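Asks: As a plain string of letters, each chain reads:
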Amino acid sequence: MSDRQLYEDLSTRRLTWLRFKRHKLALISGGFLIFIYLIAIFCEFFAPYEPNWRNPKAIFAPPQEIHFFEANGNFQFRPFVYGYSLRINPETWVREYTEDTNQKHPLYFFSEGQKYQFWNLFTARHHFISTSEGQYLHIFGTDKLGRDIFSRIVYGARISLSLGLIGVVLTLVLGVLIGGLAGYLGGRTDNLIQRLIEVLQSIPTLPLWMALSAAVPVHWSPLGVYFSIIVILSFIQWTGLARVVRGRFLALREEDFVVAARLLGASQLRIITRHLLPSFMSHIITTATLAIPGMILAETALSFLGVGLRAPVVSWGVLLQQAQNFQVIVLTPWLLIPGIFVILVVIAFNLLGDGLRDAADPYGGHQL
Amino acid sequence: MSISTILSIRNLSVSFKNEIGEQLAVNNINLDMRRSQTTAIVGESGSGKSVTAYAMMQLIQPPGKITSGEIIFTPAHQDSFDILQLNDNSPALYDLRGGLMSMIFQEPMTALSPVHTIGNQIMEAILTHQAIPKQAAFDLAATMLERVGIQNSRERMLQYPFEFSGGMRQRVMIAMALVCQPQILICDEPTTALDVTIQAEILALLKELKATIDISVLFITHDLAVVAQIADQVIVMNQGRILETGSVRQILNDPIHPYSQGLIAAVPGMKRQPRLDAISNDSTRHNYGVHPLIAIKGDRQVALPTPLIPAEYQL
Amino acid sequence: MTTRNLLEVTNLSVKFPLLKRGLLSKQVGEFTAVDQVSFEVQRGSVLGIVGESGSGKTTLVRAILRAIEPSSGSVLFHGNNGTVDLCQLSHKQLMPLRTQMQMIFQDPFASLNPRMKVADIIAEPLVIHHPEQPLEHRQQVIKMLERVGLEADSLHRFPHAFSGGQRQRIGIARALILNPSLVICDEAVSALDVSVQAQVLNLLADLQEEMNLTYIFVAHDLNVVHHFCERALVMYRGAVVESGPVDQIFTSPQHDYTKLLLSAIPSLDPDIKLSPLDRNSLDLD
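Residue numbers (the numbering used here), protein chains in the order written: chain A, 2 to 369; chain B, 36 to 350; chain C, 10 to 294.
There's no promise every hint is true.
[Claimed, not checked] Computed far set for chain C versus chain A, every beta-carbon distance over 12 Å: (1) V37; (2) G63; (3) Q148.
[To be verified] Using C-beta positions, here's what the derived DEER-type ranges look like: (4) C:V93 with B:L193: 51 to 57 Å; (5) C:K24 with B:N187: 31 to 37 Å; (6) B:H151 with A:P334: 48 to 54 Å.
[To be verified] Rough simulated footprint, nothing fancy, chain C against chain B, three-plus residues with beta-carbon under 8 Å: (7) 251-262; (8) 282-288.
Source of the hints: derived by calculation from the structure; they are not laboratory data. Since the structure is predicted, the reported quantities are computational estimates derived from the model, not experimental observations. Positions of the beta carbon are idealized from the N, C-alpha and C atoms, including for glycine.
Okay, chain A solo, but in the shape it has when bound:
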């Protein structure tokens, strides 16, 4: 079969994939996100320590460097870190940590370390990276209670990333349903829904979120709070999606192939499922992909302000709450590292969404 014939036989989905593959940045972002989500799914395995475990020998300790060479120049195949030796500066009372070359902590991969519960299902001991008993590893340093930042970031990924995903699913369901109804039924229903959307969108989001957040009962379990936050965030987000969906429905309704289906005698349900939905699925997926970073940032903002998730739940926003004062930047800048991850993930989702949008648009090129 010639190239042209192969091309002609492809379904729209395959064509979209081919077009998507041409966006190198989007591909890389997609790969990166898959990687991060894998880490989030297996966070207990990837993190060397539990998020609330404290190391009393390392309060506000800086990140440890990973070495392959000993101080005397010997190469060691197994990477290692040096322990801390603590000195409190007599004048400024600031903690100063230096590497103590006498304490060598070799790093072990895929071996036993701290005990953990994998998704609350079973107990295990194996970690991706760990040290032996009594020794410690803090790749990103520790916080004021001596908790390992790297582990907390990894555990936080699970909360932050899943929240974004589930939140967007909820937003999708609400947005497609309500927006679809408005676009398809038109008339008074459309009018009403549009006015409702406008009212919701005119309320300042952050204060609204904070107010709703404050209304969540204090005694609820972390999980309960988690889902309440999702609902609260989706409460506003669906309006944007609904508008997009409504617009697409309105446009599609008058397309010839939809009219043809009506004239064939197709039922409303058939028209919606068979003709309308598939046509804007790619649009929706793109919009959803671009909405996830919004969700993640929203949760981060709320938790940072203290009205979102709270300890002992660990999310990137909760982590950043520890980094709220000026001293952090000067004395313990590693507390800001969770912010870098937020940025990376948000950029990745945006690039991925851009790639998807360009791929899904069949008329992106020059038509002559």
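Once you have looked at the hints, place chains B and C on chain A.
Replies: Showing chains B and C alone in chain A's frame:
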């Protein structure tokens, strides 16, 4: 190239990139435009006729690319130059576009900016090429609008495109194109989107302008009847190649290439027939073979192998 | 006993409300797209409806099929199960009648769902109206494909793989697979290249003979109407200004607008110069 040829295209090829690869929209064509005459390029969709017109003003954008050829333009009382050699952003190219050569398009609504008044747009065309005071430009624009048949032009200059009908917008576009007195006017399917009564008015306008202004016109269309009305010379294109050239009477009354014959036979005429002589397969992919254009009697050319050309036409 | 007429349209009007933008979109007036149109269509004939943009011809035929709601008037359809007024039926009651009347659309790119395979597109009418016989659908689809001149391996492809003319053929196959009696061609060849247009017109003519179809053929190209139709209506601003046998309309037009329209048609003969009538000198309303 004789003095009566104002523009000469040699070996022009334009390719476009898409998911499957690169395809030639225009495949090594040669054509001449005669001074002060109307040359029509007629072809169906995919023939490459519009691409040829865009290439003439270096308007081809990626994913399209001019892969070879030259377009030699000889303005009156000036030396010839190759348009394709002009650099992007060079003053010579700016002088060319809208100055020596201008273009009118198929869709007047999308060719005019909806947020600027008509007057503004015509004056912009003037002021880009002439350093005259604004009032003078206004007067010039108003005069041009009257010339193309828009009454009360001084008031209408202050209106926006949406306040004009389709036919009026096309007149505005013609005014904009002619206001700097170009030597070549390219018309890319200017009447295709218009109702037949409006089309008749626009064609009448174009013919009248052609009679009073000395201008060479390149007219692109798929409608053979429009060609019959407005063209002096006709070029038949199909799938990026030229199949036949000749005067309008030669091509319409006496076509030689089977494609031209088929095209004419396929037009529903003025009498009721049971069937039209349709070109046999779905002609979008019909293969006529690749043959160079050969000159034949009567100052015509046809792209057929010599054995297939009837003897009485051969030189 | 079958009647002479398949369709009788009487005083059909379609009016659209003009809405004022506001919180509640109040109606401030109305726009008449189709103004008291009446005509008959004889069984087995081809009726042309010709007019320029804004004449209301597309609105008229869509109102007949109830794709747009008519404001007043009646459309008597003498179908297989007796005579009904299409304007009086609910959409549910119209469902079984849909098998007897179909439409072919103008835009070959927009009239087929780009995400459906050709086989599914053509089979859809069968799936809707005869869901109890899924095994026979495929056979019928293949037969229909051959009838419209497409190859059987088109079945598993998608619309974007085909040219404009081929897509129109797919649209024709979809419209005819249920064996309707009335087929409305809404500018069905207007978007096609001239040579392809000829093929499709020939196909439509052949199918009419084979399947005993009655056509309403909407077009803006008078030559095509002259070639293809027996009788024609000329529409201007929502109203029928002239009607009659096609030859008569062309050789001795009565209404000024028809005269204007005819004078504007360019001839293929370079020596016959176009001399359109001056619109302003005519009394068109």
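Asks: Against the earlier hints, flag every one the structure doesn't satisfy and list their numbers going up.
Replies: Those not satisfied: there are none.
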